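Q: One-letter residues, chain by chain:
There are 2 protein chains.
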Amino acid sequence: MKTTMRQVAEAAGVSAMAVSYVLHGTGKNVRVSADTASKIRRVAEELNYRPNMLARSLRNRQTNMVGVVFQHFGRLSEQNPYYPMLLNGIMNGLFAEGYTLALCPQLMQGGSDEAILDGRFDGILWARPDFNEASIERFKTAKIPLVLLHAPPGSIQGLPTFCADNEGALRLVVDHLRDLGHHKIVFAITEVDAQTAEGKDRTEAFHNAMRDSGLTGRVFVWNQQPQEFAMYWAANRNQVTAMACFSDTLAGNILAACRSLSIRVPEDLSVVGFDSSTFCDRTAPPLTSVSQPVEKIAYEAVMQLISLIRSSNDAAPAMPNLSVTYECGLDVRASTAPPRA
Amino acid sequence: MKTTMRQVAEAAGVSAMAVSYVLHGTGKNVRVSADTASKIRRVAEELNYRPNMLARSLRNRQTNMVGVVFQHFGRLSEQNPYYPMLLNGIMNGLFAEGYTLALCPQLMQGGSDEAILDGRFDGILWARPDFNEASIERFKTAKIPLVLLHAPPGSIQGLPTFCADNEGALRLVVDHLRDLGHHKIVFAITEVDAQTAEGKDRTEAFHNAMRDSGLTGRVFVWNQQPQEFAMYWAANRNQVTAMACFSDTLAGNILAACRSLSIRVPEDLSVVGFDSSTFCDRTAPPLTSVSQPVEKIAYEAVMQLISLIRSSNDAAPAMPNLSVTYECGLDVRASTAPPRA
DNA sequence: TTGAAAGCGTTACCAA
DNA sequence: TTGGTAACGCTTTCAA
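Chains as they are written, first to last, in this note's numbering: chain A, 3 to 343; chain B, 3 to 343.
Since the hints were derived computationally from the structure, they do not count as laboratory data.
One should not assume that every hint holds.
[As the list claims (entries may be wrong)] If you only want the chain B side, here are some residues facing chain A, beta carbon under 8 Å, derived:
1. T6
2. R8
3. Q9
4. A57
5. L78
6. P83
7. L89
8. P287
9. P288
Remember, it's a predicted structure, so these values are computed and weren't measured experimentally.
Cβ coordinates follow ideal geometry from the N, Cα and C atoms, glycine included.
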């Protein structure tokens, strides 16, 4: 049997609330003499008392738990270190502030998101790229602190969003390729990613950057089947000398597809990834890629969420409309080169 | 304001427990007419009622939450996909059974492990390689379902453990290297890993395998400083033609160190990793490595934990002494070859 | 300075 | 078939 506060109180010859005050600093109208306090502490120690968090949470209406949703259509990639980096940022932020990170099936498996509302979580970090109007609406009416990652600014009104500066990033990519002499540049994206807000944002950013360079960009939506890539290449080999990819993972798959089709990178095709993780140093050839501060983004989103949680009791809720973008860089490696004459 | 069960009951003109029965199937002695039931459901819908999980957990003494401890001295590696694989296995098991995965700071940051006992978790999955006698003792007395990963059989009595078959794995490695013609084989391990139970187990397994092959094995404990490796090589270059490493990550670092010292792999030195993740295909040269079914191990450990949780209410607690090991394979890639004559 | 009592939202037990 | 009552473990308010 677990020891309860009452048992401690009884054994120490005091009331339950004295114990509560001494051990948790609760109750402002209460003063206990130093003697009593130390006696309570000793008795608690002797009885091996452990406060029950459930009861405290129920009473205090706060759980110190944050729900995190980061699953991207299934499984974590084994190749792309994106999620470890994301988790590092999240854990750094949450743990330093004493919050527990929870991944709950209802949130992760995309069933009903009632779990958001059942009192389990003080706040939600939505780090998954897919969300639709209906869920956004529920988020807003839920009145629970909520922060979104991967949500391009403007895609959502009234909720704080944290996202890479896709516009600037794709400008870097296009400028780099154009400076190398490329004109026939294609943006490659998977069918799945193409449906996310960030997918749409990067696609649009690509078009904008191309237009500003006086070029016309085209998009290759790939279902990740090898034969589909072979067909695309057969039909378009004269229309494309460079591919800017939505992610490193996709770029890696394209490198593999090129290898099996004897398409030489970068001689026949330049390839650019997005994320610039350690993964890019291991590919053959090493992958030129957009770098974004994943861990920093995650960390700052978490800290914003925590401040939102802490101020949610106050009268004036702190700026729920915050929208932060992060500047990206371009790490040039060996997968890009001038096109063949 | 959140709608409570009582409000639903009042609005429907019934008692709270009728609501509880209809919505959660609780209370066996209770029958409600079909009319009443549907009315209750309708009213609950209208009032947008959401059951409060905290209250239910407090009352039922179960949270459907499992605490997972997997942090290995700091951060998740960005190179080694070990943790994504581990998490995939854990999430597959937990989510399918409706459990929430929690990472809480007290458990992850190695402070006091009181969080184990404060009622938050139905069970604990200890997936971290470090544990000492004292913590084991607390685990046992805690009486909370607990399963350990990375704990070699025999290292812990009275708790279920799930682990790779290190003995067989290192036999595969030594046999492979011996068959190639190697005699001077060294087991490489980091200082940190050397202190874990699994580190000790693999070291011992290496010695056993070497002895059975009529060889004498030596161990290189590396603090991961480049100059330390340079010194080791300068002093031992004639005593070592092959290194069996504790992990892929370590093997990767050794490959990098070799490159900077112009030590050719595999001509001058054969290197073997442990885990055989996708990481091994990306290294130069691709890394020969022991394969272990990480995801399967994690999944089955989780399922065992869940069955332990479910039977912990029963009279007969289900075999707490289970100890499972998993057969490993050897994926031969390009980092091993016969030694130079 | 201390204690008694009333909740938080839910479920189990027992009477009706 | 129903409903009251007590309890889960803690904290706050109010009274002593």
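Q: List in ascending order the numbers of the hints, as given earlier, that are violated by the structure.
A: Failing hints, ascending: 1, 2, 3, 8 and 9.
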